[in-house]
Amino acid sequence: MVNPASLLPASRSAIVTKAAVEVAADRDTASTRLIYVYLGSATFWLLVGTLIGAYLGLKFATPDIDHIAWLSYGRLRPVHTNTVFWGWASLAMIALALYVVPKTSRRRLHSLPLAWVSLGLINAAVLVGDLLLMAGVNNGGQEYREYIWPVQGVFALGVILVTYNMIRTIVGRAIEEIYISNWYIMGGFLWTVALMVIAYVPVYQQTGISETVIQGFYMHMGVGMWFTPMVLGLTYYFLPKLLNKPIYSYSLGVLAFWTQMVFYSMIGAHHFIFAPTPWWLQTVAIIFSVGMIVTLAAGTGNFLMTMKGSFHTVARSYSLPFILVGVIAYFLFSLQGTFEAFRSLNRVWHFTNFTVAHSHLTMYGFVVFLIWGGIYGLVPRLTGREPSHFLAGVHFWFAFVGVAIYTIALMIGGTMQGMSWMAGDAFIESVTMMAPFWLWRALGGGLMFLSHLIFAYNLWCMRPARRDLPQELAAQEAMA
Amino acid sequence: MNFHRNHWLLLGTIFFGFIGLAFIIAILPAQWMQRNTEPLPEAKPLSDIEQRGLEVYIAEGCVACHTQQVRPLPMDSPWGRPTAAADYALLGPMDVWRPYSPAVLGSARTGPDLSNIGARQSSETWQYLHLYNPRAVVKESIMPAYPWLFEPATGAEGDAPVVTIPEAYAPEGGKVVPTEQGQALVAYLLALRQIPIEGASGTTQTASTETSRDSDASAGGDEEKADAKGASLYANTCASCHQANGEGLPGTFPPLVGNAVVLADDPGEHIDTILNGAQGRTIDGTEYASPMPGFADQLDDDQVAAIVNHERTSWGNDAPTVTAEDVAGRREAGAE
Ligand code: HEM
Ligand code: HEM
Numbered sequence: 003m004v005n006p007a008s009l010l011p012a013s014r015s016a017i018v019t020k021a022a023v024e025v026a027a028d029r030d031t032a033s034t035r036l037i038y039v040y041l042g043s044a045t046f047w048l049l050v051g052t053l054i055g056a057y058l059g060l061k062f063a064t065p066d067i068d069h070i071a072w073l074s075y076g077r078l079r080p081v082h083t084n085t086v087f088w089g090w091a092s093l094a095m096i097a098l099a100l101y102v103v104p105k106t107s108r109r110r111l112h113s114l115p116l117a118w119v120s121l122g123l124i125n126a127a128v129l130v131g132d133l134l135l136m137a138g139v140n141n142g143g144q145e146y147r148e149y150i151w152p153v154q155g156v157f158a159l160g161v162i163l164v165t166y167n168m169i170r171t172i173v174g175r176a177i178e179e180i181y182i183s184n185w186y187i188m189g190g191f192l193w194t195v196a197l198m199v200i201a202y203v204p205v206y207q208q209t210g211i212s213e214t215v216i217q218g219f220y221m222h223m224g225v226g227m228w229f230t231p232m233v234l235g236l237t238y239y240f241l242p243k244l245l246n247k248p249i250y251s252y253s254l255g256v257l258a259f260w261t262q263m264v265f266y267s268m269i270g271a272h273h274f275i276f277a278p279t280p281w282w283l284q285t286v287a288i289i290f291s292v293g294m295i296v297t298l299a300a301g302t303g304n305f306l307m308t309m310k311g312s313f314h315t316v317a318r319s320y321s322l323p324f325i326l327v328g329v330i331a332y333f334l335f336s337l338q339g340t341f342e343a344f345r346s347l348n349r350v351w352h353f354t355n356f357t358v359a360h361s362h363l364t365m366y367g368f369v370v371f372l373i374w375g376g377i378y379g380l381v382p383r384l385t386g387r388e389p390s391h392f393l394a395g396v397h398f399w400f401a402f403v404g405v406a407i408y409t410i411a412l413m414i415g416g417t418m419q420g421m422s423w424m425a426g427d428a429f430i431e432s433v434t435m436m437a438p439f440w441l442w443r444a445l446g447g448g449l450m451f452l453s454h455l456i457f458a459y460n461l462w463c464m465r466p467a468r469r470d471l472p473q474e475l476a477a478q479e480a481m482a
Numbered sequence: 023m024n025f026h027r028n029h030w031l032l033l034g035t036i037f038f039g040f041i042g043l044a045f046i047i048a049i050l051p052a053q054w055m056q057r058n059t060e061p062l063p064e065a066k067p068l069s070d071i072e073q074r075g076l077e078v079y080i081a082e083g084c085v086a087c088h089t090q091q092v093r094p095l096p097m098d099s100p101w102g103r104p105t106a107a108a109d110y111a112l113l114g115p116m117d118v119w120r121p122y123s124p125a126v127l128g129s130a131r132t133g134p135d136l137s138n139i140g141a142r143q144s145s146e147t148w149q150y151l152h153l154y155n156p157r158a159v160v161k162e163s164i165m166p167a168y169p170w171l172f173e174p175a176t177g178a179e180g181d182a183p184v185v186t187i188p189e190a191y192a193p194e195g196g197k198v199v200p201t202e203q204g205q206a207l208v209a210y211l212l213a214l215r216q217i218p219i220e221g222a223s224g225t226t227q228t229a230s231t232e233t234s235r236d237s238d239a240s241a242g243g244d245e246e247k248a249d250a251k252g253a254s255l256y257a258n259t260c261a262s263c264h265q266a267n268g269e270g271l272p273g274t275f276p277p278l279v280g281n282a283v284v285l286a287d288d289p290g291e292h293i294d295t296i297l298n299g300a301q302g303r304t305i306d307g308t309e310y311a312s313p314m315p316g317f318a319d320q321l322d323d324d325q326v327a328a329i330v331n332h333e334r335t336s337w338g339n340d341a342p343t344v345t346a347e348d349v350a351g352r353r354e355a356g357a358e
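From first to last, the protein sequence lines stand for chains A and B.
Add 2 to a position in the first sequence, counting from 1, and you land on the number used in the working numbering.
Add 22 to a position in the second sequence, counting from 1, and you land on the number used in the working numbering.
Bound conformation, chain A alone (with noise of 0.2 Å):
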């Protein structure tokens, strides 16, 4: 690679290192109070969301611990995983950017009321959501759109509204270039906004199977235009700024981009591999699926890039580490996506855990991780206060271990299940060989659910002093 600077007009490059690097602490008190609350909030939502998946988890050990019908395994799992997308996951990205976005146009938000309107909304989508998938409505058993459509309108207002505000905030920028960051996570609330409104029109997914290929396209673009271009785009502010210097390349991360539009919106019908939806889509997907792998190379080559020669300042930090995580967790399990999606491979893994192991290493390892490394990252610089830095240790090491021990045991159970299903055996052993596997995933689970709660109470350790005076905050500064 030549010079990274090389590449890039002049303009650019002193964007890049000013916007990221050259920041004082902000002294922003409504928009900090603004931002911690999205937080809060979406804390809130790991907490009931995890402690819910590490219930389920329980349950595969000890299926009759409760006959309570809004508990059930069936009606409950749907309940996690979208508490975790909508509420925690999502909630957490859209904090994050509504730093990330104002900071790089060099200008405040466009709208702190609507803010907090969109919260509102989200907040209450996910609660009456999650009530009534316990309750037992749900919107046709589809994975990650079960919320119906009042409720997921709900949820697409609230988000529709941050996309405006976002948007009202780049155009009247001060500054004249647009930091890539920003067309990430523009891209990322735009193609959300067309993704929630493509996936509840009924038009073509009335009838047998056409709801299939729109199911398989929602899934992955959920996953792939939602969280993962919001946390790359926070991540191409956050890396750059906590190492104090520039982005490796700009010009990777707009290839990557590019690739990551066009190659990742192909790619969902992997879902449905060997079923009996139109054979030329699923190789369509296949095909995509191996173009991937220009995206993830050139993403994270581009942050690792970034790192070399900081490693130092990473084994220092407390939000480092939870980013070079996320970064290596990207590429590995994204790859590991590509593998699934070979017709060969995917007739062992299909339907078994295995599919759940690659969940979690991407929503978890990549994703959530990476959200970490933004919150520990920004909030201290927000309010001034710092978490113990033995207990943000804690957390990495409890959700790192955890989430290892939960996908290690379900990558080999789930391999060693398909083998039993080719083999022939009867299904029934398939279960009774998983027993031990689901008791590793649960005490996997465990682990990861203490790790939330431990940061729940770093969060609580960050949180603004009540009366945010600049004085006192320049006092607390000169004391750290």
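These are computed hints drawn from the structure, not numbers from a lab.
There could be a bad hint or two in this list.
Where chain A lies over chain B, by a calculated footprint (3+ residues, C-beta under 8 Å) [as the list claims (entries may be wrong)]:
1. 52 to 64
2. 87 to 94
3. 110 to 123
4. 165 to 172
Beyond 10 Å from chain B on every Cβ pair, some chain A residues (computed) [said to hold, decoys possible]:
5. Gly143
6. Ser312
7. Leu452
Have a look at the derived ranges for each label pair, beta carbon to beta carbon [said to hold, decoys possible]:
8. A/Leu114 x B/Arg27: 20 to 30 Å
9. A/Leu159 x B/Phe38: 14 to 24 Å
10. A/Val203 x B/Gln73: 17 to 27 Å
11. A/Leu133 x B/Ala286: 58 to 68 Å
The beta carbon of each residue, even a glycine, is placed where N, CA and C say it ideally should be.
Knowing the structure of chain A, use the given hints to seat chain B with the ligands on it.
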């Protein structure tokens, strides 16, 4: 063309570019599927009660663990023939809150595939017992129990079936009656029967993997292998009622251990029972009311022979074994 400075160009390309791709890869293909999928000529729409059962199936989230999607792979053949788009053609919008066809295909096979469950396990009594508490019939099962689909029997339930629950799982009184929802759900499950398609591989054959895998085993050679095949077929097809240990469920499903038909020197009735099912038999002084389905359509001669031999030589049973030809003979005799 400067994406770095022109925000409307950038945002517009992002947004409309994605929508354009979505049309190509999702919306138009979905529309095409919707227009061009016809149900099989013999397919019947779900009756009212079966449709309500489908709604219970969706509300309870059965799709979290059960697929209704048999892939065109040998490993999927225990579940029936490969499913085709036509199999789902009659699914339609559920109601104004979910104006889409329900997603029954599923994405996890934590429990067995249910595409053909109405044929594989057609005993209503078994279905009720299993829903009340799966462990009452399949000890190792991890499926949730659904007691809220039942009420205690009061003796005044009219036509509703009364189900006797094995002691270890029974509520007070020991007998329950399915609610309307429970009845609807079982009606739906029993309606899940694949319609044969000419030429589709593995047409509703249980475990035809074994046929291809072990075809040489029962044809003479390796006895151990043949018994492994019988054991596996027994586990998939029979054990849910007669239990893995052959003891059955007291009063509901008869034991095969020490069973007169299984031990008889003449295997005729044993083979016939598997081929054609049974109902209302009195075995060892107990009358068994719930019917046993026949498996003539699902198992070939080899497979029936393997099961018969497994039953005749396991759990202390020791009776003369049979060959595929014996089964073929009974089949022909029955057809006349
Ligand atoms: C190159 C990128 C990726 C490829 C090619 C890919 C591929 C796949 C495939 C083939 C499956 C289906 C597995 C099966 O059902 O047998 C799958 C499932 C899944 N993937 Fe990925 N993946 C990628 C990246 C990601 C990322 C970045 C995330 C999260 C942010 C993610 C989250 C998931 C989830 C949640 C599922 C489970 C869906 C379900 O419930 O069935 N994947 N992926
Ligand atoms: C304490 C932490 C967690 C535990 C114990 C946990 C546990 C579980 C369990 C038991 C399932 C059902 C698996 C099955 O059906 O076999 C599940 C599914 C899922 N969880 Fe989690 N989870 C946790 C955290 C998270 C987080 C933070 C996310 C995402 C941000 C997440 C995303 C998912 C997804 C996408 C699925 C669906 C998987 C699939 O369909 O393949 N989980 N989780």
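Against the structure, the hints:
{"no.": "1", "hint": "52 to 64", "in the structure": "holds (count 6)"}
{"no.": "2", "hint": "87 to 94", "in the structure": "holds (count 5)"}
{"no.": "3", "hint": "110 to 123", "in the structure": "holds (count 12)"}
{"no.": "4", "hint": "165 to 172", "in the structure": "holds (count 6)"}
{"no.": "5", "hint": "Gly143", "in the structure": "4 Å, violated"}
{"no.": "6", "hint": "Ser312", "in the structure": "26 Å, holds"}
{"no.": "7", "hint": "Leu452", "in the structure": "25 Å, holds"}
{"no.": "8", "hint": "A/Leu114 x B/Arg27: 20 to 30 Å", "in the structure": "27 Å, holds"}
{"no.": "9", "hint": "A/Leu159 x B/Phe38: 14 to 24 Å", "in the structure": "21 Å, holds"}
{"no.": "10", "hint": "A/Val203 x B/Gln73: 17 to 27 Å", "in the structure": "24 Å, holds"}
{"no.": "11", "hint": "A/Leu133 x B/Ala286: 58 to 68 Å", "in the structure": "59 Å, holds"}
Of the numbered hints given earlier, the model fails hint 5 alone.
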